[in-house]
Amino acid sequence: MQQRDVSLLIAIVLLTLVAAWVVNPNNSGIHIKAGPLVIDRDIRIHQGLDLQGGMEVFLEADPAEGQEVTTETMQVAKSIVEKRVNSLGVAEPLVQQAGGNRIIVQLPGVADPEHAISTFQQTGLLEFVDAGLTRLPVGARIKTSYHETGEVGPVVPTPVLTPTEGPSPTATATQEPTATPTATAALSPTPQADLTPTVQPTPTPAERIFHTVMTGKDLKAAVVALDDLTKKPEIHFQLTDEGAKIFAAHTAANVGRYLAIVLDGEVISCPVIETAIPEGSGRITGDFPLSEAQSIVIQLRYGALPVPLKIISTRQVGPTLGQDSIRRSTTAGIIGVIIVLTFMLVYYRLPGVLADIALVIYGLVSVSLFKLIPVTLTLPGITGFLLSVGMAVDANILIFERMKEELRRGRALKASIEAGFARAWTSIRDSNISTLITCAILWGFGSNFGASVVQGFAVTLFIGVAVSMFTAVIVTRTLMRFAFALGGERLREVHWLLGA
Amino acid sequence: MLDIVGKRYWFFLISALVIIPGLIAMMVSMARFGTPLRLSIDFTGGALMELQFQQPVAPGDVRAVFVAHDYSDTMVQTTVDQRTVLVRSKPLDSATKVLIQDELREKFGPLTELRYEFVGPTVGREVTRSAALAVLAAAGAIIMYLIFAFRSVPNAIRYGICAVAAMIHDILVAVGVFSILGLALGWEVDALFLTAILTVIGFSVQDTIVVFDRIRENIPKCRGEPFELVVNRSLLETLHRSLATQLNAIFVLIAIFFFGGATMKQFVTVLIVGLLSGTYSSICNAVPLLVVWEKNEIGQFFARLRGRPAQA
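Those sequence lines, one after another, are chains A and B.
So that you can map any letter, position 114 of the first sequence is 114 in the working numbering, and since no number is skipped, the others follow by simple counting.
For the working numbering, count along the second sequence from 1 and bump the result up by 1000.
Hints listed in this document are in silico derivations from the structure and should not be mistaken for laboratory results.
Check the hints yourself; a few may be wrong.
[To be verified] Below, simulated DSS-like cross-link-like pairs (lysine-lysine); rule was C-alpha separation at most 25 Å, straight line: (1) A:K78 / A:K245; (2) B:K1090 / A:K310; (3) A:K310 / B:K1097.
As the structure is a computational prediction, the values presented were derived from the model and not from experiment.
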């Protein structure tokens, strides 16, 4: 046994230990915090929808006649769908764009599929809501008059609650001719830290019905711009003629009060009215990063989905069916693997034992790769993996058959072992590459129309075959050389050990 | 020495006997359904739901509820036991689905929806197209690879074509058996069926490669020996391996067939049939075909047909 083989053997043992640690179902994951290096991830099997139950929905843009579906439109649609999906509170939802005009939504373990579908298909409702003297936190869910009763219009506040207001002198300040059309007035969201003295809201926001001033249909345009002086991002918006009238009336009467911008009942911004805004254009300023400004603009512009989405396919699997599948395929897998291990042992004896060890290492390494990458395991995926177990021993069978042949020709054991590995290699390589090609094509086929079942199979079979090329050749060879180093040429005489 | 190559025409006959019933089944199903295999909603579009009731139900009674809602071409089958039914219908919008399920609950008591699939007709057409593309791409890529792998052997293209012939054989066997089962048990082609077929393609070629590889190795060693003999010896040398490998894969698949979930049964069946056929065809078709080509037996056959009585 050469130095290289000893190092290989040590490396294999280490790899096996690491893989066994990763495979261990009670694995706590990797959580390292060493200075700048922060690794924080769980290591576990991701179960596909067919195993844990849940639903998968394919949405396709369904543009009105003449409407063009651009990449940007789809991105916006995706971000809106994502937002709505997140509001469902499902663990680990997945929203992905597929092809030019499709969105895949995966919701594992969702209880009420009908509700989920209606949630992300609805057209979003953008509202400007009078929040009174309370600054509503971003993300709060509120009830609005438009949503409850359809009531909408400017608010004339009762003077009792708003001592600072009245016939507002500030209104005159904005009446001067406007050189810069967008800079007429400002709504500035108060920064989070700014504790403006506000009247404590007696009813909590959830119960109170806020008055809707106007809806998104009155909004004509919105863009992100940078403030000339401070270079801070701000949002400029423009209203329709009718919207301008409502807005002028409302802002003039409500300076100092908050105006919440609400999408689908969720507050996305809550600026304070600084001055009256009579010309139907204004800006929202504040301490927010560019990305946030852009996302607000997207929501202002496309409060509704930028393009209607229709459902083109759905798949739902109840949780019980999934549980049953896991139980059954585990049983099937264990039985299949035990038969294979026994076959190798009975048919090939000592080399068979070594191949069985290599097979166990193969299983550990493959499963730990599934966990680390991570691969979402589906029922066909499990089948693909089990099938690759068969492939893994195929390489060993090729090698051992070759080895036996050489022995029968009267060659020395050492020479036979080496010849077995060297000669079988081209067959193993060529045949495995043809399977890998098939897997790659299957994967492409699956991703084309989002058949996650097909992809699951292709991925596990691919990983299995790739890993088996390593374990069946390198691991078995190292073990064989090790066994030879222990036993020497006299092993050749022990016929029952070699099965030849 | 076992002479496999010499019995090549017997083996071709066996292949034909397996394939022809499948082809007939395909024709029958072509006449009955308009397609050689029954297509699932993955290709045609439609809705499929599996419902579990707490008491046994008759499929006909369940169907009647769908028909009452104008879903007249709905098919209902029981699956695991009398309590579980599989319903295939036209595309169903969620409002109608809720309505029908409520009505079923009223009539047959509480039910659980085990799974529900809906595929729009446009998706079905696309799946069909990309499936055809995938099969063509797989076959093309594998031929290219074979030609590349055997580039140093004389007549590399022959090896490629013979391997592909064996592959087509395996596809025909698997598809034919499935078509028969489609007529007998109502099995339908879905995306997983295609996955199985593509896997069979990969494995079929793999088996053939192993034997071809041995021929490639033996040819330079045995100059002067007749091609037929070299080929036969290479076959026998790899026979153990072919059978041992086959057995292992089949063990695993049979375990899944008997102990795995019902949803995997069709998938695993196609794999088992395809793998068996793959081993058979690599030994009994692909390699003998090489000999047929080498000896120009097809040319001689046609020469005989053209009226020159066999004198040799």
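Tested hints:
1. A:K78 / A:K245: Violated. K78 (chain A) to K245 (chain A) sits at ~34 Å, over the 25 Å cutoff.
2. B:K1090 / A:K310: Given pair K1090 (chain B), K310 (chain A) holds - Cα atoms ~17 Å apart, limit 25 Å.
3. A:K310 / B:K1097: It holds: about 17 Å lies between the C-alpha atoms, which stays within 25 Å.
Figure legend: structure checked against the earlier numbered hints; the only hint not met is number 1.
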